[in-house]
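Here is how the chains run, residue by residue.
Protein chains: 2
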Amino acid sequence: MTITEAKEQLMRLQRKLAAYDHAESIIYYDGNTTAPKGTAANRGVTLSVLSEERYRLGTSEETAELLEFLDANRDELEQKTRRMVHLMLKDIREMKKIPMEEYVAFQELLVKADDVWHRAKETSDFELFRPLLEEIFATNLRFAGYIAPEKAPYDFCLDQYEEGLTMETCDRFFAELREGIVPLLREIAQKPQVDDSIRFGDFPRQKQEELAFWLMDTIGLDRAHVGLSTTEHPFTISLGSHFDERITTNYHRDDFVCSLYSVVHEGGHALYDTGSAEELAYTVLDGGVSMSIHESQSRFYENIIGRSRGFCRLIFPKLRELFPADMAGRTPEELYRAVNRAEPSLIRTEADEVTYCLHIMVRYELEKRVMAGELAVKDLPGEWNRLYKEYLGLDVPDDRSGVLQDSHWSGGSVGYFPSYALGSAYGAQFLAKMKETVDVDGCVERGDFSPINDWNREHIWRHGALYTPAELLDRVLGGPFDPSYYIAYLRGKCADVYK
Amino acid sequence: MTITEAKEQLMRLQRKLAAYDHAESIIYYDGNTTAPKGTAANRGVTLSVLSEERYRLGTSEETAELLEFLDANRDELEQKTRRMVHLMLKDIREMKKIPMEEYVAFQELLVKADDVWHRAKETSDFELFRPLLEEIFATNLRFAGYIAPEKAPYDFCLDQYEEGLTMETCDRFFAELREGIVPLLREIAQKPQVDDSIRFGDFPRQKQEELAFWLMDTIGLDRAHVGLSTTEHPFTISLGSHFDERITTNYHRDDFVCSLYSVVHEGGHALYDTGSAEELAYTVLDGGVSMSIHESQSRFYENIIGRSRGFCRLIFPKLRELFPADMAGRTPEELYRAVNRAEPSLIRTEADEVTYCLHIMVRYELEKRVMAGELAVKDLPGEWNRLYKEYLGLDVPDDRSGVLQDSHWSGGSVGYFPSYALGSAYGAQFLAKMKETVDVDGCVERGDFSPINDWNREHIWRHGALYTPAELLDRVLGGPFDPSYYIAYLRGKCADVYK
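Chains as they are written, first to last, in numbering that gives the first Met the number 0: chain A, 0 to 498; chain Y, 0 to 498.
Rather than coming from a laboratory, the hints here were simulated on the basis of the structure.
Any given hint might turn out to be false.
If chains are identical, the list can't say which one is meant, so a pair holds when it fits in one copy or spans any two.
Claimed, not checked - Straight line, CA to CA, 20 Å or less: simulated EDC-like cross-link-like pairs of lysine to aspartate or glutamate: (1) LYS36 x ASP221; (2) LYS377 x GLU133; (3) LYS36 x GLU209; (4) LYS150 x GLU364; (5) LYS36 x GLU277; (6) LYS36 x GLU208.
Produce the entire structure from the sequences given, and follow the hints as far as they go.
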């Protein structure tokens, strides 16, 4: 086999893997958006077959030989191919350590867990979901043991979502955040609370949908390639490549702000994905490099852009057009203050920027202890509630607004949550860098997203997974990651909103 | 290999094939219901990979050996397994005659054709679609030559949708129909035309959707396993097995009758599919046996049941509830006469029962001539329009209401249309048989569909593809198929409606 032949084979292999991804993703997407209620078991049967086929393809002798051959000749490969080989070899070496039956069983478990979690959340019934969650944590533990027995299991989990991330880093990062956030919250508590009544009223679903499409257009999403649907828990998914991207939202009839920021958050994910260089499509480098870089983009658009004064001024006329009765006599400044109201609350996805990281810390703490064997899954609701009291001062009334609120665990993800906090902090530092060359505030207020999107595309999006998160950060920032940018950003915002 | 092992392997193989079916079907379904406009090419890439993988799986040496082994031991197999082996061997023997590149290229062509057809229909631009349609007919011709060089190509096409069907049979069948229908139409033309103004008005989409769900419940569809979406051209599709079935409809704001009968027609398909015995799921025997038996069910529910006086009486109170202004002062009898108005029209799917078969004859005639090399694709619009003038006395104003109206050709299907007419005729004979033991009219008027559905399930649905269409007909009817039932049924209906 020549290197040229091997490279062609590598591209064909990635196209196949992308096709299986497409099939699995769309079955997942359909299950969450359109599928009749009784069809989860049917999806499970198909997904178990497809994941088995993909497993075979990804770990076959032929694939391993191809990758080892290319790896042995890596000095003759250009950077892009070298990175593909590196990522796929890492995957294959890890996959090979997991017995196929266990891999397939885990996929089937997740289909079932998704269905049961939805029902458990509806009825606030943790016990219904508990056996599945136990199995999900147990599987994560087992897989960690197979793949990285030298590591603490939770360090393995963290590394899955952010190459190189460890509990040590997280502990330090969260401590620094806590030191910044807790006094800030204490200061705010002394001030009169911001009036956020502007967000509440009667906002028909159809009008909110119109707003959602308008927002997608406004922030620069190409709706020929990005679709919008409705789900219980908003998410973003690529189908096969970044040429077909779907985001979802959830409309609350009495509060238009929930869907608004879901759309902008998921829109940020979709901008990142669809911004991949065309040549990366149908390869493992397509889309984003890591969860935290992904969250840095989604939360950049949601918060740094979306909760800025300029953005509130930009969207206010549209709100007045769609909701004339509710917006009568209101001002953009009222909207700005309302969407930046900082206050401990129960639901992570609806939390303000200041308290958001406290929600993450609760989850981080709990995952860490379960994975260390220090906490049983059955005790999660109690500990969840205890930590919400300790960190946020709140009583959790039921598991629906507590331990059952997120879809991550039912989706099999343990170790994902810290990415949200990291991503938020990256975003603040990106903003500082972007402001060196772009009039960010002016652009947002004018609704001219091109300079902002161009900057992100140039520095972040187009690279897909070409660089490691650390390399990418280094290239973008020209220096080390520094959480103090984020803390300074939050302090500035609070000073402005609370005077 | 023992026979037991071989049988287990056969079931595993069919599960895999069903999983690929699921993936391909849902990508098709998504493309028609939800996908953003610019994503067809992306679906094409995935479908070409998946169809190639499925082709390999279905035609591999291992598969062929397994099937030949079982076939050699067929005396030791129970009927169900014997039938599976027969159908799969037939497929594999046919598939092996098609070069894989051509098979894959055809799948890619169809994805593109679907997209282009939608655009061509929107703009009534046959030229846009022509090159793709030429390629579709050419591919059908080529495949017919590979698989059954001894047959006339169009006979091969007919056989694909109805085992054993030939042009000779069709010519005879259509001649008999023509002899019955043409004088009937002439008689009707002498009578005062029926007033169908009840169907026109302003029917909000949401109310029509509510009606659709109510109709699904009323005719006995299990909505935990049957979903409803909206598409340009209504269709029914199974995803992986009969446990997940999707039907679609198309709402016309000014005429509620279109969607009403789309739902009942597609609902008939879905009843048939979901009525398969549970043990047939994930096998090639799951779902219906042939297109004409399928159409016998869909058109049974749409016309024989759905356009009966009893059904109009049954649904009228619901219509009055949903559309109080438009239904004020109207009667069920007006609805009954309106939905049975017989009159030459342009669109097949909206045609009345009497003229419907004339629409089919046009398509049959054209396909037959194109496949015989007697008609060029570029001349299809002209010939289409000429035949509509000859058979139905109508001028076709544009290709959107003419040659571009159906999705069958863009979906690659040539030889499908005669099934509609055959199915209609089967249905009338099934009705006569059913009436020997079931009070059909009474059940419909009471909204008690169980005895009707039970009869169909017992005699037709549960068998899936266990029997050939001919065997099934023989079992149901206890005698030969006889089109005169259908002609008598149409005469009776017309006599009643037109007095």
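Hint by hint, here is what the structure shows:
1. LYS36 x ASP221: Between copies only: 10 Å across, 31 Å inside.
2. LYS377 x GLU133: Cα proximity of LYS377 and GLU133: one copy only (8 Å, versus 64 Å across).
3. LYS36 x GLU209: between (27 Å within a copy, 18 Å between copies)
4. LYS150 x GLU364: within (18 Å within a copy, 72 Å between copies)
5. LYS36 x GLU277: The answer is between: 18 Å across copies meets 20 Å, while 37 Å in one copy does not.
6. LYS36 x GLU208: For LYS36 and GLU208, the Cα distance is within 20 Å only across copies (18 Å; inside one copy 24 Å).
Of the hints listed earlier, there is not a single one the structure fails to meet.
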